[in-house]
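Make a model of the complete structure from these sequences and hints.
Keeping their order, the protein sequence lines are chains A and B. One point on numbering: in UniProt numbering, the residue at position 21 of the first sequence is 21, and numbering is uninterrupted. One point on numbering: in UniProt numbering, the residue at position 167 of the second sequence is 167, and numbering is uninterrupted.
There may be inaccurate statements among the hints.
As the list claims (entries may be wrong) - When the alpha-carbon atoms are kept at most 25 Å apart in a straight line, the in silico SDA-like pairs for lysine to any residue are as follows:
id	chain 1	residue 1	chain 2	residue 2
1	A	K126	A	P46
2	A	K402	B	H330
3	A	K363	B	I371
4	B	K104	B	D165
5	B	K349	A	A18
6	A	K159	A	T251
What the hints contain is simulated information worked out from the structure, not anything from laboratory work. On a predicted model such as this, the values are computed, not experimentally measured, just so you know.
For reference, the chains in residue letters:
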Amino acid sequence: MEHDMQDFTAEVRRFLDAHVAKAPDRTAFTWGEGDDSMAYFSSLPPEEEREHVQRARDWQRIRHENGFGWITGPPEYGGRGLTPVHDLLYDAIESEYDVADTGTLSVIGLGMIGPTILAHAQPRIKDRWLPAMYRGDAIACQLFSEPGAGSDLASVATKAVRDGEDWVLNGQKVWTSVAQHSQIGLALTRTNPDAPKHRGITAFLVPMDAPGVEVRPLRQMTGGADFNEVFLTDVRVPEDHRLGEIDGGWTVALTTLMNERATVGSEGAGPVAAALSPDRLSALMRATWTWDDRALRARLAELLVDAMATEHLNTRALRTLRAGVTPGPERSVAKLMYGQNLTRAAHFVADCLGPRLVADTGKWGTYAWSELLLATPALRILGGTEEIMKNILAERVLGLPKEARA
Amino acid sequence: MSADDSELRELRSSVRQFLEARSPEEAVRKLMESEPRFDLDVWAQAADQLRLPSLVIPEEYGGDGFGPVELGVVLEEMGRALLCSPFFSTVVLAAQALLASGDKGACARHLPGIAAGRTTAALAVAEDGGSWDPALISARAVPDGDGGWRLNGRKSFVIDGTTADLVLVVARTVAGPSLFAVERTSAGVAAEAMETLDATRAMARLTFDTVPAALVGADGAGGRVMARVLDIATVGLAAEQAGGARRCLEMSADYARTRHQFGRPIGSFQAVKHKCADMLVQVELAEAASREAARSAAEGTPDFPVAAAVAHACCSRAYMFAAMENIQVHGGIGFTWEHPAHLYFRRAKSSQLLFGGPAVYHERLLDRLGI
Ligand SMILES: Cc1cc2nc3c(=O)[nH]c(=O)nc-3n(C[C@H](O)[C@H](O)[C@H](O)COP(=O)(O)OP(=O)(O)OC[C@H]3O[C@@H](n4cnc5c(N)ncnc54)[C@H](O)[C@@H]3O)c2cc1C
Numbered sequence: 001m002e003h004d005m006q007d008f009t010a011e012v013r014r015f016l017d018a019h020v021a022k023a024p025d026r027t028a029f030t031w032g033e034g035d036d037s038m039a040y041f042s043s044l045p046p047e048e049e050r051e052h053v054q055r056a057r058d059w060q061r062i063r064h065e066n067g068f069g070w071i072t073g074p075p076e077y078g079g080r081g082l083t084p085v086h087d088l089l090y091d092a093i094e095s096e097y098d099v100a101d102t103g104t105l106s107v108i109g110l111g112m113i114g115p116t117i118l119a120h121a122q123p124r125i126k127d128r129w130l131p132a133m134y135r136g137d138a139i140a141c142q143l144f145s146e147p148g149a150g151s152d153l154a155s156v157a158t159k160a161v162r163d164g165e166d167w168v169l170n171g172q173k174v175w176t177s178v179a180q181h182s183q184i185g186l187a188l189t190r191t192n193p194d195a196p197k198h199r200g201i202t203a204f205l206v207p208m209d210a211p212g213v214e215v216r217p218l219r220q221m222t223g224g225a226d227f228n229e230v231f232l233t234d235v236r237v238p239e240d241h242r243l244g245e246i247d248g249g250w251t252v253a254l255t256t257l258m259n260e261r262a263t264v265g266s267e268g269a270g271p272v273a274a275a276l277s278p279d280r281l282s283a284l285m286r287a288t289w290t291w292d293d294r295a296l297r298a299r300l301a302e303l304l305v306d307a308m309a310t311e312h313l314n315t316r317a318l319r320t321l322r323a324g325v326t327p328g329p330e331r332s333v334a335k336l337m338y339g340q341n342l343t344r345a346a347h348f349v350a351d352c353l354g355p356r357l358v359a360d361t362g363k364w365g366t367y368a369w370s371e372l373l374l375a376t377p378a379l380r381i382l383g384g385t386e387e388i389m390k391n392i393l394a395e396r397v398l399g400l401p402k403e404a405r406a
Numbered sequence: 001m002s003a004d005d006s007e008l009r010e011l012r013s014s015v016r017q018f019l020e021a022r023s024p025e026e027a028v029r030k031l032m033e034s035e036p037r038f039d040l041d042v043w044a045q046a047a048d049q050l051r052l053p054s055l056v057i058p059e060e061y062g063g064d065g066f067g068p069v070e071l072g073v074v075l076e077e078m079g080r081a082l083l084c085s086p087f088f089s090t091v092v093l094a095a096q097a098l099l100a101s102g103d104k105g106a107c108a109r110h111l112p113g114i115a116a117g118r119t120t121a122a123l124a125v126a127e128d129g130g131s132w133d134p135a136l137i138s139a140r141a142v143p144d145g146d147g148g149w150r151l152n153g154r155k156s157f158v159i160d161g162t163t164a165d166l167v168l169v170v171a172r173t174v175a176g177p178s179l180f181a182v183e184r185t186s187a188g189v190a191a192e193a194m195e196t197l198d199a200t201r202a203m204a205r206l207t208f209d210t211v212p213a214a215l216v217g218a219d220g221a222g223g224r225v226m227a228r229v230l231d232i233a234t235v236g237l238a239a240e241q242a243g244g245a246r247r248c249l250e251m252s253a254d255y256a257r258t259r260h261q262f263g264r265p266i267g268s269f270q271a272v273k274h275k276c277a278d279m280l281v282q283v284e285l286a287e288a289a290s291r292e293a294a295r296s297a298a299e300g301t302p303d304f305p306v307a308a309a310v311a312h313a314c315c316s317r318a319y320m321f322a323a324m325e326n327i328q329v330h331g332g333i334g335f336t337w338e339h340p341a342h343l344y345f346r347r348a349k350s351s352q353l354l355f356g357g358p359a360v361y362h363e364r365l366l367d368r369l370g371i
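In structure tokens form, the structure reads like this:
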């Protein structure tokens, strides 16, 4: 294993060295230098956004052509057949390089929908979509939430009715991230209104260019529009696009949700790392003359304690993964802390900056933080709210009685 | 030497079994009102059967040579059981101070007795202000002209100070804070028990009146030695705190599953459920922080001082939180003397403040990060 890892590392480095430049050393940080963007969500104008997505696709294709597009995937679908540890190792090494940000493809599509298709789709669909997704040709979105079904996901109302060899879908989805860039969406629909709500759901893979699919951007509080409303009006989906059993869609959804919780909460790069970096925060304190404010210092210490303890938690989860044990529902702790740590960091920074966060003076490293501040409420909601995470912890880890559910 | 995962599990389960048998709640309650505040038989058994005092003493001094990870496992279990014993004072504070001093002669003189469970020891640093900052120390030592020293001053908050055979004292010399070894029974030493918030951890005030003392390590090296000891001791304490916090969480979850009000188990009420989830979050963070710090100490990685400071702050907060919420989840019964919840509350608060409290440990963390 050790030997194999050394070979793999060398191979990864050879590939990256041949294709991309090294990223500037992020640990050597100097106040006032480099990019000060703290954007968690993109707020690019549509034209630039499209270019951004194209760069992501291009990089994914290059990865794929070189055997790093789907490190854990089965070879028959273009995967590499290696372990999650190889995958993590690849990510760690890649983060040292200046590569395109592939979040649009990877977080939801490759991170959540891909594994769900692999586990539940019919063979023709796997052949059709898995290689395309991991090659960067197809982006996937998660059509789960509805106006009436958020935390209570099992109450989805979008209807699917059998009509010959097809199913006909009608309904409305909401908060759908990256739908505007997607070629396919994984939708939960109601197929049996008479069954208990968890038992009357069926999952479908919906081609986003099918007639009757309409994506309308939803502007979010950061100003950008990363998520959307998706209207489904008499959308015909072939029978072989069904995932899992008829009325057995909840099982399919659980696969996606499990992967969602595993992805969110272990992010360590970009604005996230910056917001929790002792170097950057202490430089900020100097720059704002708050260096010896005792109350702020105590808050900074608490903030760093939480951030570092969360990091330890992630390190330990990785170590169990390496030992072949899949981390369980206690991973919700990391997801929960992730949202809270960034929220606390943003408010700490705001209290150092004071009026300089209220209006933009053009000074480096000041107003830029407003982008992170405005993103933080989402981090306590997406992928399951804090309240839902706590229910999961209490019921599945501590074995407390289930809530009374309608 | 270091144990693999299955050996650690075995160590944990044998310590837990031992403590369940020898330090059940009734025993803790009896001991916390007696003098000495530990059971000599249990201490002897811990040494003979489980070799606990020798666990982390290096082999060259008669110990078993294990490291901080194994120590952490033992301390988690001791914290969970609220064991009344001189383990923390002897093994975590005094023995580590001897080792940190680098004084091979002093180690060879004292550590074999500690490893065998024959000698108990205490570390006397803080004075009436309670601070562990060597700069704030006023006890003094002067050369006696025969190569020895004479010690004068007063130390407070000395854990197991009335029962320890050996007392290591930080006192000021012309060269600065320095470490000294004193026999507690020497003429001129007066030891008086202090009333404590947490009765399971005995503390004393020691007065030294021209007491003969032996310098340990270099004259003036006390500051450096104390910094190292504090890192190790806070990681040890963190393990104890994580163990106590885990126990509080288990008590709460058990109770929430079984106690009924309004015709349902209280754990089905979300206010209670979320309290328990919040406790779990704190406990998971505490375990991660203390175990990673121990690991970092064992591997000697350069970020150990940061990891130690994180563990200290994180586990202090987690334990206090879990101990408070545990009482809340239990309602009125949790506030009774008969219920063990207050024992954990007392231990949690006094542990949180032991080395100075939040204001001090926050600054220590920032200092380690260069902030
Ligand atoms: C940025 C962003 C991106 C998203 N992307 C996607 C996506 O790509 N695809 C997708 O399908 N969805 C997506 N979502 C939707 C997300 O999953 C839901 O917003 C989330 O699950 C919460 O549902 P809701 O918004 O309907 O809130 P509600 O469920 O209406 O909740 C409102 C409040 O009530 C609380 N609450 C609800 N039920 C309970 C309960 N049982 N116990 C205690 N409190 C409760 C909640 O915690 C919350 O505080 C996204 C959301 C955001 C913010």
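The hints, checked one at a time:
Of the pairs offered as hints, the one joining K126 (chain A) and P46 (chain A) is violated, with about 31 Å between alpha carbons and a cut-off of 25 Å exceeded. Among the hinted pairs, K402 (chain A) with H330 (chain B) is consistent with the structure: their alpha-carbon atoms are about 19 Å apart, no more than 25 Å. Among the hinted pairs, K363 (chain A) with I371 (chain B) is consistent with the structure: their alpha-carbon atoms are about 23 Å apart, no more than 25 Å. Among the hinted pairs, K104 (chain B) with D165 (chain B) is consistent with the structure: their alpha-carbon atoms are about 20 Å apart, no more than 25 Å.
For a cut-off of 25 Å, the pair hint linking K349 (chain B) to A18 (chain A) is broken: about 57 Å separates their Cα positions. Proximity of K159 (chain A) to T251 (chain A) is assessed by CA-CA distance (about 18 Å); at most 25 Å being required, the pair is judged to hold.
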